[in-house]
Amino acid sequence: MPDERLERLSHPPIPADSAPTTDRASRMPVGRRVFLGVAALGALGVVIGARVQNRIASSLGTGLGGLFPGGDHFRIYSLNGVYPSISATQYRLEVSGLVERPMTFTLGDLEAMPATKMVRTFQCVTGWRVNDVHWVGVRLSHILETVGVKSGAVALSFESYDGADTESLTLEQARLPDVIVAYSMLGERVTPEHGGPVRLYVAPMYGYKSLKWLSAIRVVDVVEPGFWERNGYPVNGWLDGTTGPTNPDPRLT
Amino acid sequence: MATTQRVRFDVLERVVHWLSALLFALLVVTAIPLYFGSLFGARLPRFSLEQVHLWAGIAFPVPFVLSLLGPWGRQMRRDVRRVNYWTREEIAWLRSLGREPLEADKFNPGQKLNAALVASSMTVMLVTGLILKWFSLFPLSWREGSTLVHDLGAWLIVALITGHVVMGLSHRDALSSMVTGRVSERWAETNAPRWLRDKTGESDSQGA
Numbered sequence: 083m084p085d086e087r088l089e090r091l092s093h094p095p096i097p098a099d100s101a102p103t104t105d106r107a108s109r110m111p112v113g114r115r116v117f118l119g120v121a122a123l124g125a126l127g128v129v130i131g132a133r134v135q136n137r138i139a140s141s142l143g144t145g146l147g148g149l150f151p152g153g154d155h156f157r158i159y160s161l162n163g164v165y166p167s168i169s170a171t172q173y174r175l176e177v178s179g180l181v182e183r184p185m186t187f188t189l190g191d192l193e194a195m196p197a198t199k200m201v202r203t204f205q206c207v208t209g210w211r212v213n214d215v216h217w218v219g220v221r222l223s224h225i226l227e228t229v230g231v232k233s234g235a236v237a238l239s240f241e242s243y244d245g246a247d248t249e250s251l252t253l254e255q256a257r258l259p260d261v262i263v264a265y266s267m268l269g270e271r272v273t274p275e276h277g278g279p280v281r282l283y284v285a286p287m288y289g290y291k292s293l294k295w296l297s298a299i300r301v302v303d304v305v306e307p308g309f310w311e312r313n314g315y316p317v318n319g320w321l322d323g324t325t326g327p328t329n330p331d332p333r334l335t
Numbered sequence: 010m011a012t013t014q015r016v017r018f019d020v021l022e023r024v025v026h027w028l029s030a031l032l033f034a035l036l037v038v039t040a041i042p043l044y045f046g047s048l049f050g051a052r053l054p055r056f057s058l059e060q061v062h063l064w065a066g067i068a069f070p071v072p073f074v075l076s077l078l079g080p081w082g083r084q085m086r087r088d089v090r091r092v093n094y095w096t097r098e099e100i101a102w103l104r105s106l107g108r109e110p111l112e113a114d115k116f117n118p119g120q121k122l123n124a125a126l127v128a129s130s131m132t133v134m135l136v137t138g139l140i141l142k143w144f145s146l147f148p149l150s151w152r153e154g155s156t157l158v159h160d161l162g163a164w165l166i167v168a169l170i171t172g173h174v175v176m177g178l179s180h181r182d183a184l185s186s187m188v189t190g191r192v193s194e195r196w197a198e199t200n201a202p203r204w205l206r207d208k209t210g211e212s213d214s215q216g217a
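Top line first, the protein sequences correspond to chains H and R.
End of the first sequence sits at 335 in my numbering; the numbers just go up one at a time, nothing left out.
End of the second sequence sits at 217 in my numbering; the numbers just go up one at a time, nothing left out.
Treat the hints as calculated values from the structure; they're not laboratory data.
Worth double-checking, as some hints may not be accurate.
To be verified - One side only, chain H facing chain R, incomplete, derived with CB under 10 Å:
id: 1; residue: Met110
id: 2; residue: Pro111
id: 3; residue: Val112
id: 4; residue: Gly113
id: 5; residue: Leu118
id: 6; residue: Ala132
id: 7; residue: Thr186
id: 8; residue: Gly190
id: 9; residue: Ala194
id: 10; residue: Val207
id: 11; residue: Asn213
id: 12; residue: Val304
id: 13; residue: Val305
id: 14; residue: Pro307
id: 15; residue: Phe309
No residue lacks a Cβ here, since even glycine has one placed at the ideal position from N, Cα and C.
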């Protein structure tokens, strides 16, 4: 083996033009360069893509920004292929469990309660977001006061009319001022695809915590992880890994 | 008179090709309703589609990578080297967009470029997909960037594969070589003359 190598070294290199098919000197690893170039471009996109995208989206405005891939538009989720269709008059929210007065609210009942308005960025945990979403609803804390929470209560379990999604919040989280039961979104009644007529909106947490088609709230003595949490998402879905409540948004009214 | 047939792809290469094609089809079929969610509305269970998409994506590189690793992969490794290395003539041919004359090797520069772009963009798709799956390990801005790159990359890869399929359908001999493994010498004389010449120079037992 070493002899062979020595022998090869002792031969002068073959001139570039003499043998086009076997000559290695005139061959270039273009494939590898293309590969590395595309990989580098991809990595750059991952690291600075969000910044570039936000600049483009804000300069184009919401309408055009929504056409830009990945930008400023909702990705509508459905767990089981159903958008429950519930009319405003049919709608009922049942609140039960460790409460003084189990109650069932109509949409009219909710709208008669003090309204909270918010303008917030809707942020999905997987990385898409929609800027400046308008919300109107009633604070969950207000509903809890109305029904009266019994001692021993620790958490809330939420159920959806889709029959699949569930969510959880600790009592402390549920009482934050920017956690609402929303009946208006994007300046109109919450549409069926967005979880209407009534959905949860948990502003300080990722989108999956804002359960759609809210049908029932049970006050319980233990946190019951919801659908996404049983599928690997954090139970406490604070935006960008913060560990506690965020300061209420200055635009919160 | 039937012309002599030449071995172009061994069994392993063909199996890897069609497994990859199957997984790619699965990826596209599941990606369409995920990407155009608002068009499909609630008619499809997004969560299940996402699981199929995820596992098809993770499985995608497996046949190819396994085929390269062992003693069974000599032919595959040789073809990967063929795709990687370009001669000056091939670069000139591509720069002139095919106007310069070229004695094509087993793969022409267009095929080589397509292969490099497919391999690299699928790698980018895999990595960004994994970031989106195991998002909690990465900062939020990276997740947003990955969503963007995955979305844009989807368009690129679909364009590349569409080009590949269209070329395959319009060159039936090339397509059937990926099914039977063989091409006629007559086809090779016009489409891969340098490969044919090199092969003829080799001993017959050498294979493709």
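Structure versus earlier hints - violations, ascending order: 7, 8, 9, 11, 12, 13, 14
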